[in-house]
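With chain A fixed as given, assemble chain B onto it according to the hints.
Chains as they are written, first to last, in our numbering: chain A, 1 to 347; chain B, 1 to 538.
FYI, nobody ran anything at the bench for these hints, they're computed from the structure.
Among the clues, some could well be false.
Distance ranges between label pairs, derived from CB positions [said to hold, decoys possible]: (1) A:V121 - B:E145: 48 to 58 angstroms; (2) A:V36 - B:D415: 37 to 47 angstroms; (3) B:T62 - A:S135: 46 to 56 angstroms; (4) A:R120 - B:A312: 42 to 52 angstroms; (5) B:R456 - A:S135: 42 to 52 angstroms; (6) B:R456 - A:I4: 38 to 48 angstroms; (7) B:E145 - A:R120: 46 to 56 angstroms; (8) B:A402 - A:L197: 30 to 40 angstroms; (9) A:P105 - B:D415: 53 to 63 angstroms.
Derived pair list, reagent style BS3-like, types lysine-lysine, alpha-carbon separation capped at 30 angstroms [claimed, not checked]: (10) B:K476 - B:K412; (11) B:K417 - B:K385; (12) B:K180 - B:K165; (13) A:K213 - A:K122; (14) A:K290 - B:K417; (15) B:K417 - A:K10; (16) A:K237 - B:K338; (17) A:K213 - B:K401.
Predicted model, so just to flag it, every value in this text is computed and none were measured.
Beta carbons are placed, not taken as given, at the ideal position from N, Cα and C, and that holds for glycine.
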Amino acid sequence: MNRIRAFVDKAGWPRIIIAMLLLSLFIVAPSVGVRVDQSMTNTIVRFGMNGILVLGMVPMVQTGCGLNFGLPLGIIAGLLGATISIELGLTGLAGFAGAIGFAAPFALLFGWSYGKLLNRVKGNEMMIATYVGFSSVSFMCMMWMLLPYRSPKMIWGYGGSGLRTTISLEGFWIHILDNFLTIRIGPNFMFPTGMILFFVFMAWIMWAFFHTKTGTAMTAVGSNPDYARAAGINVDKMRTIAVIMSTVYGAIGILVFQQSFGFIQLYNGPFFMALPAVAAILIGGASVNKANITNVVIGTILFQGLLTMTPSVINSAIQSDLSEVVRIIISNGMIVYALTRVTRKSR
Amino acid sequence: MTEQQPLLHMQGITKEYFGNRVLTDVCLDVNRGEVLGLVGENGAGKSTLMNILFGMSVIGQTGGYAGTICIDGKEVIFQNPFDALKAGIGMVHQEFSLIPGFTATENILLNGEILQDNIVTKVFGPRLKTLDLPEMRAIAEKSIELLGVDISPDTLVSEMPVGHKQFTELAREIHRPEMKLLVLDEPTAVLTESEAQVLLTSLRRLAATGIAIIFITHRLQEILDICDRIVILRDGQVVKEVATGDTDIGQIAELMVGRSVGAKSASTSGYDKDTETIVSLDHLWVDMPGETVRDVTLEIHKGEIFGIGGLAGQGKLGIPNGIMGLYPAGGAVTLHSKPIRLNDPAAALAAGMAFVSEDRRGVGLLLEEALDWNIAFTAMQAQNKFLRPLLGGLIQWRDDKAIQNVALEYIKALDIKCTGTDQRAEELSGGNQQKICLAKAFAVQPDVLFVSEPTRGIDVGAKSLVLESLRTYNRKNGTTIIMVSSELEELRSICDRIAIVDEGRIAGILPPSATAKEFGLLMIGKLKNEENKVESHE
Numbered sequence: 001m002n003r004i005r006a007f008v009d010k011a012g013w014p015r016i017i018i019a020m021l022l023l024s025l026f027i028v029a030p031s032v033g034v035r036v037d038q039s040m041t042n043t044i045v046r047f048g049m050n051g052i053l054v055l056g057m058v059p060m061v062q063t064g065c066g067l068n069f070g071l072p073l074g075i076i077a078g079l080l081g082a083t084i085s086i087e088l089g090l091t092g093l094a095g096f097a098g099a100i101g102f103a104a105p106f107a108l109l110f111g112w113s114y115g116k117l118l119n120r121v122k123g124n125e126m127m128i129a130t131y132v133g134f135s136s137v138s139f140m141c142m143m144w145m146l147l148p149y150r151s152p153k154m155i156w157g158y159g160g161s162g163l164r165t166t167i168s169l170e171g172f173w174i175h176i177l178d179n180f181l182t183i184r185i186g187p188n189f190m191f192p193t194g195m196i197l198f199f200v201f202m203a204w205i206m207w208a209f210f211h212t213k214t215g216t217a218m219t220a221v222g223s224n225p226d227y228a229r230a231a232g233i234n235v236d237k238m239r240t241i242a243v244i245m246s247t248v249y250g251a252i253g254i255l256v257f258q259q260s261f262g263f264i265q266l267y268n269g270p271f272f273m274a275l276p277a278v279a280a281i282l283i284g285g286a287s288v289n290k291a292n293i294t295n296v297v298i299g300t301i302l303f304q305g306l307l308t309m310t311p312s313v314i315n316s317a318i319q320s321d322l323s324e325v326v327r328i329i330i331s332n333g334m335i336v337y338a339l340t341r342v343t344r345k346s347r
Numbered sequence: 001m002t003e004q005q006p007l008l009h010m011q012g013i014t015k016e017y018f019g020n021r022v023l024t025d026v027c028l029d030v031n032r033g034e035v036l037g038l039v040g041e042n043g044a045g046k047s048t049l050m051n052i053l054f055g056m057s058v059i060g061q062t063g064g065y066a067g068t069i070c071i072d073g074k075e076v077i078f079q080n081p082f083d084a085l086k087a088g089i090g091m092v093h094q095e096f097s098l099i100p101g102f103t104a105t106e107n108i109l110l111n112g113e114i115l116q117d118n119i120v121t122k123v124f125g126p127r128l129k130t131l132d133l134p135e136m137r138a139i140a141e142k143s144i145e146l147l148g149v150d151i152s153p154d155t156l157v158s159e160m161p162v163g164h165k166q167f168t169e170l171a172r173e174i175h176r177p178e179m180k181l182l183v184l185d186e187p188t189a190v191l192t193e194s195e196a197q198v199l200l201t202s203l204r205r206l207a208a209t210g211i212a213i214i215f216i217t218h219r220l221q222e223i224l225d226i227c228d229r230i231v232i233l234r235d236g237q238v239v240k241e242v243a244t245g246d247t248d249i250g251q252i253a254e255l256m257v258g259r260s261v262g263a264k265s266a267s268t269s270g271y272d273k274d275t276e277t278i279v280s281l282d283h284l285w286v287d288m289p290g291e292t293v294r295d296v297t298l299e300i301h302k303g304e305i306f307g308i309g310g311l312a313g314q315g316k317l318g319i320p321n322g323i324m325g326l327y328p329a330g331g332a333v334t335l336h337s338k339p340i341r342l343n344d345p346a347a348a349l350a351a352g353m354a355f356v357s358e359d360r361r362g363v364g365l366l367l368e369e370a371l372d373w374n375i376a377f378t379a380m381q382a383q384n385k386f387l388r389p390l391l392g393g394l395i396q397w398r399d400d401k402a403i404q405n406v407a408l409e410y411i412k413a414l415d416i417k418c419t420g421t422d423q424r425a426e427e428l429s430g431g432n433q434q435k436i437c438l439a440k441a442f443a444v445q446p447d448v449l450f451v452s453e454p455t456r457g458i459d460v461g462a463k464s465l466v467l468e469s470l471r472t473y474n475r476k477n478g479t480t481i482i483m484v485s486s487e488l489e490e491l492r493s494i495c496d497r498i499a500i501v502d503e504g505r506i507a508g509i510l511p512p513s514a515t516a517k518e519f520g521l522l523m524i525g526k527l528k529n530e531e532n533k534v535e536s537h538e
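Pulled out of the complex, with its shape left as it was, chain A reads as follows (with noise of 0.2 angstroms):
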C-alpha cells in the first residue's frame, strides 16, 4: 500500500490518469477495428517530430523565465533555414544539415534580441512571450510574400514571386531521419529509428549542459535569482542564453517536424506550435519553473499519444461528426486538468 502510495506521490495524478486512459484507448482499439500496431507507429513518431520542440521549453522554464510562448519565433528561424537550403538546391542529407545550419544564425539572433525583451519584462514574461510569437508570426506573413525566393519549387505558380503556404519536401530532406535505420515489422509497424536517436542526442546535449557550471548557474537562477545574483552570477545574461537556447530547439525541432511530415508549412503555420509543446511539458510533470528530460519525454508520450489515439479510436466507436468535438473535449480537458493539478502542486 505504502509501495503505491510512494508511486502515486511521485509519478502525480495527472500523469496516471492520462496513461490509464492512454492505455485503455489502446485496449479498446481493436474491438472498433483500429490496429494497435499502427496507433504505436502514429504515437512514435508523432513523439519523434515533437519531442525537440518540447526540449526546447526546458532550458527557460529552468531559468526562471516561464513557459516559452515564443516558441514560434525560433519555429520561423526554422522555417528561414529550410526555405534557404531549398533555394539552393540541397538535397539529401546536405539539404537537411544547411537547414540546421542555416536556421542557426537566425535563431541565435532572434533568441538574443527575444532573452533582452524578455529581461525587461521580468515577472510577465509568459504573456510578453505570447505576443512575441503571434506577432512575429504575423510580420512574417509579409515577409514571405516578398523575400526574393526564387526557387520554382516553393513560389506561387502564378505571379511568379512569394512562397507558397506549404512546400513539399519531396526531392529535398523527406523522411530523411524516419527512413535511418528503420525498423519495420509487419506491414503496419515502423520505428523511425534515426529520428528517435536524434531527439536522444538533442535530450544528451541538454542533459549535458545542465551538468556544467553555466547549466547549474542556469538551474539557480530559475530557483531563487537573489541567491543566485549574491554568489556572482549575472542573472541577466544566464537567461539570455536560456532563450537563445529554447530558439535555436525550436528552429531545430521545426526541421524534425517538417522531415517526418513532409511539408514545410509557412505564413500561419507556427502560429500554434507552442500550445502542444507547453500542454506537453506539463503533463510530463514540470511546473513554471522546475522541468527536466524525463518531464519532456513523458509529457510528449502522454500528450502525443492522446492525439493519435482519441481521433481514431472515438472516431470508429462513436461513427459520427460528434467525434472531432469529442476529442477537443477530453484532450483540451485533460490538458486543463493537468495544468490545475501542477499549479497547486509548484506554487
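Chain B alone, transformed into the frame defined by chain A:
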C-alpha cells in the same frame, strides 16, 4: 493614583511562536487617565503584546496565548479586532490605515457613519440609508479639535502631510464615545519634532479626559516627557516598571538592552589590537531601502570578530549588503589594501569575501534544491571549485561527487540535522537552514566573512550553536568575521569590538565590556559628538 480598579489588567501573558517563546508571564496594569510608556528593543515582545490585547488574528492562528486580560475587572477574550473595538480599545499602527481618496471626515467615521432615513429606505430597508454629512462633519471636527490641531475635515487624506495623517488616524480612534484605552505604536516615528510636540500635548489632553493611553516609542525622551509610568520589556519579560519621576534616560537604556553582563564577553581575549588592517571602509554609502547607509568609515583588523549593532532601520544591515554588491553603493572599500569593485557581487566574492544574508529564505537559500547544491553553489560559481574541466577546459563539468563530499563534511562539522545531502533546503528547520547558509559561506573559505543577523528567527539552543561555530571558525582559520545583529547581547558575547550604527553613520565603537548604558545611549543617538565616544570608557 487612587485605589481604584485598574482599567486594563493583563496577568501572566505568555505566548509562543512555533516553540519560540516571545512573551513570558507578562503582567501589566493601566489605570484611567494614565499614560503608560512601553519600551523595549526590537523583538522584545511589544508588538506581540499589543496584538494579543487587540485580538489580532495572527495570535489565534499561531496557537493563541496563555494568561488573562481583564477590562474593568471583567475577563475578556477578544477573538478579533472588532471585539476589542467594542470593548473600547483603539489602536494606531505604525503604518497608516487610512483610505487616501476619502476626506478626513469620511476616514474618521468609516464604518461608524451617521445615517438618516429617506424615502427609499421605507421601501428597500435600512441598507439604503443616506449619510448625514453635516452631523458627521461636526463629529469629526470635534474630535480633531480635541487633539488641538488644525485640519480641515474636508481635506482628502492623499493631500495631507504625513503628520496630519497621523492625527487623522488618532481622531478616528478617539471619536468613539466608548473609547477607554488607546494604544499608540510608534506614533511619532514619522513626525517632525514640532509635530511630535503637538501630538504629545494632545495625548496629555486626552489622558486628562480619562482615556488611558499605552505609548510605544523608541524615542526615550518622549516617554519621559509624557508618561506617568514606564514598563520596560526585554526578551518577552517585564524587567522593570517605574514611575517616570524615579528614572532617567540612561537607566531606561540600560534596562532595555542589558542583560546581566556575563563572563562570556571575557572570552574574546585572542584579539590583538596591533594586527594589520584587513578591510577598510572609506565614506561608504549604500542605498538599501529601509536600511540606508549614509557615511561609514571603518577599519577592521585581521582576525577579529567585529560586531555592528544598532536599532532597526538605522543602516546596520546596509553595510554588508553594500560591500557585497547586492545594493547600489558608493565610497571606497579596500581589502588587503586593494580596492574592491562595488555593485558587483562576483568581484566581492572573488576578492575573498563571503556573506551570510539576513534574508535567509529570500537570498540565502535555494529552497527547492538539495542541500549539497546549497552548500557548494557559491564556491562553484565564484571560485570554480567542484568542477572538472573537460575537452581542455572548454567545458566545466559539475563534479557531483565532490559536491556531495563537501556537503557531508559540513553537515557533520556543523551538526546539521537532515535526512541526507539530497534533502531540499525548505524542509529544514530555521536553525539548520542557518547552518546551511554558514556552510555555504565556509565552503568559499573566505578571508573576510560577513554574517548578518545569524540568529534571527531561530530558537535559543540553535542560537548558541550558530554563534559557537562562528567563533570556532574564526579561531581555527583566522578568518575575520564581521557580524551584524540586532541583538546586542549576542554581539557582546562573541565580538572583539562593537560598532553602533545610528542614522546611517557609526555612532561609536565600544569594547564588549562596555556597560549596557553606554550601548543604549549610542543606539538612541544621544552621544553624537566624537569626544564622548570610546574614550569615555577606556
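The hints, checked one at a time:
Restraint check, V121 (chain A) to E145 (chain B): a C-beta distance of roughly 52 angstroms satisfies the suggested window 48 to 58 angstroms. A C-beta distance of roughly 58 angstroms is found between V36 (chain A) and D415 (chain B), which places it outside the suggested range of 37 to 47 angstroms. Separation of T62 (chain B) from S135 (chain A) is about 50 angstroms and conforms to the stated range, judged on CB atoms against 46 to 56 angstroms. Taking 42 to 52 angstroms as the suggested C-beta distance range, the pair R120 (chain A) and A312 (chain B) does not conform, at roughly 34 angstroms.
Look at R456 (chain B) against S135 (chain A): about 47 angstroms separates their beta carbons, and that is inside 42 to 52 angstroms. Against the hinted window of 38 to 48 angstroms, the Cβ-Cβ separation of R456 (chain B) and I4 (chain A) comes to about 42 angstroms, which satisfies the hint. Remark: the range hint 46 to 56 angstroms for E145 (chain B) to R120 (chain A) is upheld by a beta-carbon distance near 53 angstroms. The given range of 30 to 40 angstroms is respected by A402 (chain B) and L197 (chain A), whose C-beta atoms sit roughly 32 angstroms from each other.
The hint said 53 to 63 angstroms for the Cβ distance between P105 (chain A) and D415 (chain B), and at roughly 55 angstroms that hint holds. Only pairs whose Cα atoms come within 30 angstroms are accepted, and K476 (chain B) paired with K412 (chain B) is accepted, the gap being roughly 17 angstroms. Distance check on the hinted pair: K417 (chain B) and K385 (chain B) sit about 25 angstroms apart at the alpha-carbon level, within 30 angstroms; holds. With a C-alpha separation of about 22 angstroms, the suggested pairing of K180 (chain B) with K165 (chain B) holds against the 30 angstroms cut-off.
For the given pair, K213 (chain A) sits about 24 angstroms from K122 (chain A) by alpha-carbon distance, which is consistent with the 30 angstroms threshold. Taking the CA atoms of K290 (chain A) and K417 (chain B), the gap is about 26 angstroms. The hint holds against a cut of 30 angstroms. Distance check on the hinted pair: K417 (chain B) and K10 (chain A) sit about 24 angstroms apart at the alpha-carbon level, within 30 angstroms; holds. Proposed proximity of K237 (chain A) and K338 (chain B) is supported: the alpha carbons are some 28 angstroms apart, at most 30 angstroms.
Note on K213 (chain A) and K401 (chain B): the hinted pairing holds, with a Cα-Cα distance of about 14 angstroms set against a maximum of 30 angstroms.
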